[in-house]
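Protein chains: 2
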Amino acid sequence: MRLKLTIAYDGRPYHGWQSQPGGNTVQDHLHQALLAIAKQPVPIQGSGRTDTGVHALGQTAHFDAPPALTMNPCNWMPALNTKLPATIRVMRCEEAPPEFHARFSATGKTYHYDICTEPVLPPLRAGLAWHLPQALDPAALTEILARFCGPHDFHAFAAYRGNETPDTSHHRTILRADATALTDGWRLTFSGDGFLYKMVRMLTGAAVKVAQGRAYPDDLAALLDQSPGLPLGKCNHCAPADGLYLQQVHYPANLR
Amino acid sequence: MRLKLTIAYDGRPYHGWQSQPGGNTVQDHLHQALLAIAKQPVPIQGSGRTDTGVHALGQTAHFDAPPALTMNPCNWMPALNTKLPATIRVMRCEEAPPEFHARFSATGKTYHYDICTEPVLPPLRAGLAWHLPQALDPAALTEILARFCGPHDFHAFAAYRGNETPDTSHHRTILRADATALTDGWRLTFSGDGFLYKMVRMLTGAAVKVAQGRAYPDDLAALLDQSPGLPLGKCNHCAPADGLYLQQVHYPANLR
Chain H
1 MRLKLTIAYD GRPYHGWQSQ PGGNTVQDHL HQALLAIAKQ PVPIQGSGRT
51 DTGVHALGQT AHFDAPPALT MNPCNWMPAL NTKLPATIRV MRCEEAPPEF
101 HARFSATGKT YHYDICTEPV LPPLRAGLAW HLPQALDPAA LTEILARFCG
151 PHDFHAFAAY RGNETPDTSH HRTILRADAT ALTDGWRLTF SGDGFLYKMV
201 RMLTGAAVKV AQGRAYPDDL AALLDQSPGL PLGKCNHCAP ADGLYLQQVH
251 YPANLR
Chain E
1 MRLKLTIAYD GRPYHGWQSQ PGGNTVQDHL HQALLAIAKQ PVPIQGSGRT
51 DTGVHALGQT AHFDAPPALT MNPCNWMPAL NTKLPATIRV MRCEEAPPEF
101 HARFSATGKT YHYDICTEPV LPPLRAGLAW HLPQALDPAA LTEILARFCG
151 PHDFHAFAAY RGNETPDTSH HRTILRADAT ALTDGWRLTF SGDGFLYKMV
201 RMLTGAAVKV AQGRAYPDDL AALLDQSPGL PLGKCNHCAP ADGLYLQQVH
251 YPANLR
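If you read the protein sequences in the order shown, they are chains H and E. The first sequence begins at 1 in the working numbering and counts up one residue at a time. The second sequence begins at 1 in the working numbering and counts up one residue at a time.
Keep in mind the hints are simulated off the structure, nothing from the lab. Beta carbons are placed, not taken as given, at the ideal position from N, Cα and C, and that holds for glycine. Some hints could be false.
Not the full set, but computed from the structure, chain E residues with beta-carbon under 8 Å of chain H [unchecked claim]:
1) Ala-8
2) Tyr-9
3) Ala-86
4) Arg-89
5) Leu-124
One side only, chain E facing chain H, incomplete, derived with CB under 8 Å [as the list claims (entries may be wrong)]:
6) Asp-10
7) Ala-79
8) Asn-81
9) Thr-87
10) Ile-88
11) Met-91
12) Val-120
13) Pro-122
14) Pro-123
15) Leu-136
Assemble the whole structure, with the sequences as input and the hints as a guide.
In structure tokens, the structure reads:
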């Protein structure tokens, strides 16, 4: 039986999602919890990586329950949560069709990015928001975010991950990019059919430069859709991991 | 020059407010920060203790700036925050009259206590709320909290601290005790002229028992104002430290 998990985590204590030799990643903790329950290694596939310090409210993953284990799907959630640290929680566990794949079935993702503009970053926001103790211009913020919407080549807003080939597409469609006021600053929300490595943090970094009056919207929007073959202009503003939250992974209705 | 600090902290990493030989208390961190700036020990007096794991949004303290140090009061806040861990922050620093005393000038305190009633405690609420995944009856909650209001002998709702004498008064006046809905549960707010050791946590524990339908309001209200000389009935419900926040310390207008 294939099971779909919806997972939330505080990114501060972990070296990101992806399993690695040093351990202490979210995936490593899930593998350990599954091993403790199933008494055998059970591979778990996430919707994608999150970096060190990035948080998740709705990361998704799937695994196949070992056939010998006749466990009701609704018992997996409490069983896993008992084995996991309190800063990683399975928020939902449901049976999924056998063709469901946490990564390849996903049709899009929503991230948000929190910015605290208070003079002092409150202790309970430490590591959970980017501290920018200066006013951001809401009109400029709205303008530059609107420019990012739509289908674009986002190559300038992607960090190099090492697995690119000349055929790697940097074309993505952003369906929503906007800013809403928080009591202590701003929340930027980005929805799209996919995001390149560090793309949300680079879009946020660029938007902040504009909202601080330190860059022109036109200059940053000009980094979109650059002609192939010419030297690539890159966005060199990358927001820290602290404020980034993977909010939701989207799937087609029949696989939801 | 006497300076008044308003301090916020995440209680999770610290062994409470009060300095102790093992260190790693909030007061110890403030002493270290002051020592680094003043190059001499500067005693700091808080409004009162908070226990291990208890949070503060508006703890207060005072210290006397060494006369040799000609530092503008507005420079103390950034100087201290540079030396403090991110989970302890001086939110305000202001000159106070020489007779101001963080503890003895206080006329009251406000605490709040957060309860999360969701089936799963979200990772970002771990250690910040009491997880009670069952419905609480709002009417019962309101009723029992109202019974706690007013001047009462709260001896039954105090833990023994070891420094009591036969003359120790357990008489306090609660001016506000109510529950407001949060998106994930309830926030109980208590204001009063003072609180005994663990009193807010015992009042919260008692209120929860009633709101769960596991105790009668009359039985718990009967623990208030017990006659001296008779064996003392005690409240044996104490909420964990996780959900407790020292919100504000109150001072007379001329010392504010």
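Do the hints match the structure? See the list:
no. : hint    : verdict
1   : Ala-8   : 5 Å, holds
2   : Tyr-9   : 5 Å, holds
3   : Ala-86  : 4 Å, holds
4   : Arg-89  : 5 Å, holds
5   : Leu-124 : 6 Å, holds
6   : Asp-10  : 4 Å, holds
7   : Ala-79  : 13 Å, violated
8   : Asn-81  : 7 Å, holds
9   : Thr-87  : 5 Å, holds
10  : Ile-88  : 6 Å, holds
11  : Met-91  : 6 Å, holds
12  : Val-120 : 5 Å, holds
13  : Pro-122 : 6 Å, holds
14  : Pro-123 : 4 Å, holds
15  : Leu-136 : 21 Å, violated
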